[in-house]
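Participant: Each chain, letter by letter, is given below.
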Amino acid sequence: MEKNINLTLKVWRQADAKAKGKLETYQVDGISVDSSFLEMMDILNEQLINKGEEPVAFDHDCREGICGMCSLYINGRPHGPDDDVTTCQLHMRKFNDGDTVYIEPWRSAGFPVIKDLIVNRNAFDTIIASGGYVSVGTGGVPDANAMPIGKPDADEAMDAASCIGCGACVAACKNGSAMLFVSAKVSQLALLPQGKVEAASRAKNMVAKMDELGFGSCTNTGACEVECPKGVSIANIARLNRQFLSAKFKD
Amino acid sequence: MNLDAKIPQGPLAQKWSNYKNNQKLVNPANKRKLDIIVVGTGLAGASAAASLGELGFNVKNFCIQDSPRRAHSIAAQGGINAAKNYPNDGDSVHRLFYDTIKGGDYRAREANVYRLAEVSNSIIDQCVAQGVPFAREYGGSLDNRSFGGAQVSRTFYAKGQTGQQLLLGAYQALMRQVNEGSVKLYTRTELVEIVLVDGKARGIITRDLVTGKTERHFGHAVVLATGGYGNTFFLSTNAMGSNVSAAIKAFQKGAAFANPCYAQIHPTCIPVHGEFQSKLTLMSESLRNDGRIWVPKKKEDAEAIRNGKKKGADLSEDERDYYLERRYPAFGNLVPRDVASRAAKERCDAGFGVGATGLAVYLDFQSSINRLGEDTIRERYGNLFQMYEKIVDDNPYKEPMMIYPAIHYTMGGVWVNYDLQTTVPGLFCLGEANFSDHGANRLGASALMQGLADGYFVLPYTIQNYLADEIATPRMTGNEKEFVEAEKTIAAKFEKLLAVKGQRSVDSFHKELGLVMWDFVGMARNKKGLEEAIEKIAAIKKEFWANVRVPGTNDGMNIELEKAARLVDFIDMGDLMARDALSREESCGGHFREEYQTEEGEALRQDDKFAYVSCWEYQGDDKAPVLHKEDLVFENVKLIQRNYK
Chain A
1 MEKNINLTLK VWRQADAKAK GKLETYQVDG ISVDSSFLEM MDILNEQLIN KGEEPVAFDH
61 DCREGICGMC SLYINGRPHG PDDDVTTCQL HMRKFNDGDT VYIEPWRSAG FPVIKDLIVN
121 RNAFDTIIAS GGYVSVGTGG VPDANAMPIG KPDADEAMDA ASCIGCGACV AACKNGSAML
181 FVSAKVSQLA LLPQGKVEAA SRAKNMVAKM DELGFGSCTN TGACEVECPK GVSIANIARL
241 NRQFLSAKFK D
Chain B
1 MNLDAKIPQG PLAQKWSNYK NNQKLVNPAN KRKLDIIVVG TGLAGASAAA SLGELGFNVK
61 NFCIQDSPRR AHSIAAQGGI NAAKNYPNDG DSVHRLFYDT IKGGDYRARE ANVYRLAEVS
121 NSIIDQCVAQ GVPFAREYGG SLDNRSFGGA QVSRTFYAKG QTGQQLLLGA YQALMRQVNE
181 GSVKLYTRTE LVEIVLVDGK ARGIITRDLV TGKTERHFGH AVVLATGGYG NTFFLSTNAM
241 GSNVSAAIKA FQKGAAFANP CYAQIHPTCI PVHGEFQSKL TLMSESLRND GRIWVPKKKE
301 DAEAIRNGKK KGADLSEDER DYYLERRYPA FGNLVPRDVA SRAAKERCDA GFGVGATGLA
361 VYLDFQSSIN RLGEDTIRER YGNLFQMYEK IVDDNPYKEP MMIYPAIHYT MGGVWVNYDL
421 QTTVPGLFCL GEANFSDHGA NRLGASALMQ GLADGYFVLP YTIQNYLADE IATPRMTGNE
481 KEFVEAEKTI AAKFEKLLAV KGQRSVDSFH KELGLVMWDF VGMARNKKGL EEAIEKIAAI
541 KKEFWANVRV PGTNDGMNIE LEKAARLVDF IDMGDLMARD ALSREESCGG HFREEYQTEE
601 GEALRQDDKF AYVSCWEYQG DDKAPVLHKE DLVFENVKLI QRNYK
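Chains A and B are the protein sequences, given in the same order.
Residue 115 in our numbering sits at position 115 of the first sequence; the count goes up by one each step and never skips.
Residue 254 in our numbering sits at position 254 of the second sequence; the count goes up by one each step and never skips.
It is worth saying that the hints were derived from the structure and are not from the lab.
Just to be clear, a hint being listed does not mean it is correct.
In silico lysine-lysine, DSSO-like type, Cα no more than 30 Å apart, as pairs [as the list claims (entries may be wrong)]:
| no. | chain 1 | residue 1 | chain 2 | residue 2 |
| --- | --- | --- | --- | --- |
| 1 | B | K398 | A | K94 |
| 2 | B | K563 | B | K481 |
| 3 | B | K536 | B | K609 |
| 4 | B | K311 | A | K3 |
| 5 | A | K10 | A | K20 |
| 6 | A | K18 | B | K213 |
| 7 | A | K22 | B | K563 |
| 8 | B | K563 | A | K18 |
| 9 | B | K309 | B | K298 |
Covered, in the sense of this in silico footprint (three residues per stretch, anywhere, with C-beta under 8 Å from a C-beta of chain B), are these stretches of chain A [as the list claims (entries may be wrong)]:
| no. | stretch |
| --- | --- |
| 10 | 61-68 |
| 11 | 114-125 |
| 12 | 156-170 |
| 13 | 180-193 |
C-beta atoms are modelled at their ideal positions from N, C-alpha and C, and glycine is treated no differently.
Generate the whole structure from the sequences, applying the supplied hints.
Facilitator: Structure (structure tokens):
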């Protein structure tokens, strides 16, 4: 039943955005395999605080895989060794006694480090602000059932809308591209009649903003899809490309 | 303390129309001259900030996370109610109103709840227009399901991620306003003080969580949409960062705090499994539509399961006690949350609990899987089953889920009148942070409805009634003495926390507080226990200030310092909850006093003495708050004992 393991951790420590960071080594013992990865980090921090040292800063909030706040490269993989989960849902039963675990922040030009394992993902908000919405104000809208939407389209839109904005796709991409993130929003809205009206300008504006913010280009390696904790498909990228090209032709 | 609820005149169904027909408005040219601070970017905060920005006000919107999209509304799973009556099953605005008032055990204001039911339909229209991908039928119309405690299907949903999709809709509306310049967004920024000038809320002091620097912000009005106080218990389904500090600052500045003892304990959460546990995970209540709750009939079987000698699936049908179906034949597994939670506790306390700790009951899908097939169950709840499997390492398609109640939502909050204005002029409060609509118990799929109702369709009207008289008030610079002094006080508070240099971590205190809350101010409360809790909380407070250890400095990011400052407020909140629970000598909704129960163990209200809102007024640090009462007047519903049998 209850099983405990001992681990050696190599954790990225960086005092602030400008400081030079480095990996520090810590030992944690007696970690229950039923605890989550972030609970293991809590135990490490409690240990550090009790020694009078500064705890490791990492982003986290809901701890149930939906807010998108947690991040971390764990042994070189965004969100660690399990599939279809965020770091907060990763459990220690995926590790073995005696393992050495490397814990680093997202590494990407679009996400500068703020402190230790925390990075700045404001660029995602800026991309959404450039057009990731339907331009409708509060009030004065038709009845919700006035416009039927086929179930397949609604379901596909829902799948695209599952993106939690964590940034794992960017972190996994060798080019640091945000195409999976952008295409998920473009697809969701393009699939629905409410979003079709602005589909072309939305695709153009969001891609332009992504480029401007220093994210790389997509070369279709598919790494983003593999690491996406919500299984958002790269079929969305193909859809975005279609939207984008048709917008360009119209110009 | 002015506790006039300002309920509009006229019959119930006309009150909101009457209000809107007679309220004051601000003309477009003047809107540009008015600044509004909105704290929080959840459903209530984001929808309010976006809507106010669209109207032409200058809005400043603050959140503690790195993006407004992270607010904890995102985690709501099940759905959102509305009185659309699309399924033609007899729903109406009045029925939604009635169910909500009754579900709240008759401890909410009729007029507020009616308005909530009335605007519920507009919310669905709005969200669909934004591109929220609600579940649909093959014919293309919206799908509805029934949800905890309702006899009609009025719940709209987007897989098991309704909160996420509604929040993203509001977030996108917000980002559109950010793009247009009407809303200025401050992320990783925390409210640390509310500033009053001449008795009116005029601004806030914030702390930049990256640099540690404080800033002064002016607003003609301040809106708090900062969520509930469930994390007082340390272990709850709330996000780790959810906190009560903004509401406590409001309380300390003179806003009444209403019904703090009303906390909702959600029946279907993954059970606690160890001391290292940091939070509890909710399994959506929608699971109760197809899952059946049971424990073993015989104690020997329960014990064998606890020792790992038997598994739940090994027990035959007649060895199982489907206790909700047995006790409540009319509602069965769909009884409201408070009833389901207490029933689980009762069975476990009686020795029938399962799981290693004995503090768990089964939620079993086998009969639904037999009836509908595994694929249908996967389509309905796939993401929830996956979440369960990742956490517990058990396959819920084969072995029944284990669940146990956990703190989930707080119905109490900052007192507001019909305008959503607190007792401090110019200070408004929305969503879970206020107390207004759910009485003593919230029904499933009502929180999303209330957050969005407040933000999209109520505050944008009612705040104008206040601001119409403020058009001549010039913008303040932030250099006024009230702002400067507030900033100084705050800086001193953070220095004081750092200066304790004790031996214990912030979390160790928070966990201690949480245990006291769970043991004495949790699912079942009594006079002796509550008195003990108040003493224990005072002792924790004393020990905290003598022995907390906050490493680092106030320059730059310091997460322990953030947590310490929030814990100071949680400790005060715990005290307030215990005092309120002690003073309310009845059982109602989420507040269960062991002294007041029926022979069958159901909650027993004392309507002749306690049909009021408890409103607590701050008296100063280390002084007991004073209780005021707002009497609840029921003109449209008859108070009866809730009966789900």
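Participant: Can the restraint linking K22 (chain A) and K563 (chain B) be considered satisfied, given a maximum Cα separation of 30 Å?
Facilitator: 26 Å, holds
Participant: Does K3 (chain A) sit within 30 Å of K311 (chain B), going by the straight-line distance between their CA atoms?
Facilitator: Within the cut-off at roughly 20 Å; holds.
Participant: Check the hint pairing K536 (chain B) with K609 (chain B) against an upper bound of 30 Å on the C-alpha distance.
Facilitator: Cα-Cα ~29 Å, so holds.
Participant: Just to be careful, I want the Cα atoms of K398 (chain B) and K94 (chain A) compared with a cutoff of 30 Å; is the pair within it?
Facilitator: 22 Å, holds
Participant: Keeping to a limit of 30 Å between CA atoms, is the pair of K563 (chain B) and K481 (chain B) held or broken?
Facilitator: 29 Å, holds
Participant: Could you grab the alpha-carbon distance between K18 (chain A) and K213 (chain B) and see if it respects the 30 Å cut-off?
Facilitator: 17 Å, holds
Participant: Is the straight-line distance between the alpha-carbon of K309 (chain B) and that of K298 (chain B) 30 Å or less?
Facilitator: Holds, because 15 Å separates the two Cα atoms, which is no more than 30 Å.
Participant: Are K10 (chain A) and K20 (chain A) close enough, with their CA atoms no more than 30 Å apart?
Facilitator: 16 Å, holds
Participant: Taking 8 Å as the C-beta cutoff, is the stated coverage of the stretch 180-193 of chain A by chain B satisfied by three or more residues?
Facilitator: Since three or more residues must qualify, the claim that chain B covers the stretch 180-193 of chain A holds, with 3 doing so at under 8 Å.
Participant: Next pair to validate is K563 (chain B) with K18 (chain A); report whether the Cα-Cα distance is within 30 Å.
Facilitator: Holds: K563 (chain B) and K18 (chain A) sit about 25 Å apart, inside 30 Å.
Participant: Mind taking a look at whether chain B covers the stretch 156-170 of chain A? Criterion is 3 or more residues with CB to CB distance under 8 Å.
Facilitator: holds (count 6)
Participant: If you count the residues of the stretch 114-125 of chain A with a beta-carbon closer than 8 Å to a beta-carbon of chain B, do you get 3 or more?
Facilitator: holds (count 8)
Violated hints: none; the structure is consistent with every hint.
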